[in-house]
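Here's the letter readout for the chains.
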Amino acid sequence: MTAATHLSTERAAEFLYAEARLLDSHDYDAWLALFDEDGHYWVPADGAIDPDRQVAIISEPIKRLRSRIVQLQTGYRHSQLPQSNTQHYITNVHVEDELDENGLIPVYSSYLVIEARFGDVQHWPGHAVHHLRLTADDELRIVRKTVVLINNDIPLPSMAFLL
Amino acid sequence: MSITSDSMHRYEELVQPERIHASLHSDPQVFRDELERIWYRSWVYIGHESEVPNPGDYARKKFGLQPVILTRGTDGEVHVILNKCTHVANLVCHEERGHTKAFRCPYHGWTFGLDGTCLSLPFRKAYGDDPRKEERGLAKPALIGRYRGFVFASMSADVPDFMEYLGRGKDAIDQLCDLSPAGELELNAGWLRHLTRANWKIGTEGLVDGYHPGFVHRSMLSLVGTEYNFDASDTTYEEARVRDLGNGHCDLDFRPQYRTTDEEFQWMTGGSRQKLPGYVAKLEQAVGAERTHQLLVDGPPHTLIFPNLFLGELFIMVIDPLSPTAHVQMETPVQWKGADDLNLRNMHQTHASIGPAGMILADDSAMFERNQQGLKALEPEWLVRDRGGCRAEVVDGVKHGLMTDDTAILAFWSRYRQLMAS
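Protein sequences appear in the order of chains V and A.
For the first sequence, position 40 (counting from the first letter as 1) is numbered 40 according to the numbering used here, and the numbering increases by one without interruption.
Take any residue in the second sequence, note its place counting from 1, add 163, and you have its number in the numbering used here.
Please keep in mind that the hints were generated in silico from the structure rather than gathered at the bench.
Treat each hint with caution, since some may be false.
Some chain V residues judged to face chain A by a derived CB distance under 7 Å, without partners named [unchecked claim]:
#, residue
1, 30
2, 31
3, 46
4, 56
5, 71
6, 78
7, 94
8, 95
9, 127
10, 133
11, 155
12, 157
13, 159
Where is the CB? At the ideal position from N, CA and C, for every residue including glycine.
Only chain V is shown next, with the shape it has when bound in the complex (with noise of 0.2 Å):
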């Protein structure tokens, strides 16, 4: 038996424009507060649909996430310096209608960054899903947040900053 989700779109929404205007603004520390400890983070790489047989282009557990924007914020990760302005677009929201088999609420949604660093332009396409829990006083974290690339079977230029 799987269970309704009983989130409006609209929270939802309103959850992901919240977390996209920390990554924009390189607010990393604030963005982390929203995963669950037990967390993860994954941008996958040549089409792949399992993270622990396929590369990726990111796979991390929260503890190593954190790692990696540690070593963002030592001010000696080169390929941000200099940093990327980005701007996170999200559209097409849409909240599952039931749980996952963890209890989760997916919520799948169109994302779009696009990046401007060292006089280029690049643009990042493709979906997230987030797989939300809310907690007993009604707020909600982040337990996985996969962001599929349309084109992450091609070569791509570096991305130091997370999407």
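Got chain V sorted already, so can you dock chain A onto it with the hints?
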């Protein structure tokens, strides 16, 4: 008169013992000459047999700028065929990888076997009594060379014998494959394709440059003590050596360093017998306790096989040239046959370091791209490559330098000069 204003480049002058001419990293004529004299006139790495494990399997690959297909024929043989219909040049294959009985050109239906043989021409009567199918097969390189699953090819038949070309590069392939209990690799984890807007040789030099890590990877060094551990310099790797292996092959040899403590898994952060019991047991069963210990101390190689295969310890990189100012670094984590627990750990650990978002390789590419930008300045005209020349030693016919020396980079340029000046 500038040395590069001649219509014919004099490569024997552009590559000198301890400096190279800056035009080599940006001039379109140099790039065209490289295609002709290196990529299409010497041995080049194409792909790995494990990418086409079963008869009928295929994978699209590049041969310089040319699209080719690596296939496994119905007879089990591995083939390399050019992806160009012999009719009007259409790609006969567009899927990155897959399984098929034949390649049927979508334009006019010409059909080819996995070995490139022309199987059928629709409406054949228009070709007369004899459609001469034997003349219409897909083109193939002149030669194929294989060693422990690694498939190389040459467009020219006028090249050294394959094993002669591979030379001491063979030892590096052995060092890598021997870590598998089955003695084989299975490169089946998919590929990261990292577009780097810099000349392919800038990226290739960087692979065997032991001078940069303390600077370029300083942000990673600051994470030591976390789950990441990374360091390299003359002082921390006093015993490691940078080597010229001949034929353009070169490496950073960490084994002398690892052997000073005789500890296992120094090459894999967090790796240990306790964490990888299944793997270690299988390796011991296959090669015995003593050999297993030696393999686990020595670890995998850090070796460039000229011109385009890099055995990068825990990952493999293939250099794919695009233009005078861009190349793609194709990367996949090493997966060893019969080493499931090691493979899973390596998968999770290595993709954090490699590819477009790699905590290590993205910073390398940042350097390569800045290099390309800097090259727009016309002075100085020459780029120095003279670190360590004063202290290089020759041991058993192999030139050795310390970690930060240019010994390996010069090995690449020496072979480059030989091929380009011929």
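Now the hints, each set against the structure:
The closest approach between the C-beta of residue 30/V and any C-beta of chain A is roughly 21 Å, which is over the 7 Å cut-off, so the hint fails. Because the beta carbon of residue 31/V sits about 16 Å from the nearest beta carbon in chain A, more than 7 Å, this interface hint is broken. Of the supplied interface hints, the one on residue 46/V holds, with its beta-carbon coming within about 4 Å of a beta-carbon of chain A, less than 7 Å. At about 5 Å, the closest approach between the beta carbon of residue 56/V and any beta carbon in chain A falls short of 7 Å, and the interface hint on this residue holds.
The interface hint given for residue 71/V holds, since its Cβ lies 5 Å from the closest Cβ of chain A, which is under the 7 Å cut-off. A distance limit of 7 Å between C-beta atoms decides the matter here; for residue 78/V the minimum to chain A is near 4 Å, and the interface restraint holds. Below 7 Å, beta-carbon pairs count as interface contacts, and residue 94/V has none with chain A, the closest being about 27 Å; its hint is therefore violated. At its closest, the beta carbon of residue 95/V sits 28 Å from a beta carbon of chain A; the interface hint therefore is violated under the 7 Å criterion.
Because the closest C-beta pair between residue 127/V and chain A is about 18 Å apart, greater than 7 Å, the hint is violated. A cut of 7 Å between beta carbons decides the hint on residue 133/V: the least distance to chain A is about 23 Å, and the hint is violated. Interface hint at residue 155/V: satisfied, since its Cβ lies 4 Å from the closest Cβ of chain A, which is below the 7 Å cut-off. Against a cut-off of 7 Å between C-beta atoms, the interface hint on residue 157/V holds, since the closest Cβ of chain A lies about 5 Å away.
Because the smallest distance between the Cβ of residue 159/V and any Cβ of chain A comes to about 5 Å, under 7 Å, the interface hint for this residue holds.
The structure fails hints 1, 2, 7, 8, 9, 10 (numbered hints given earlier, in ascending order).
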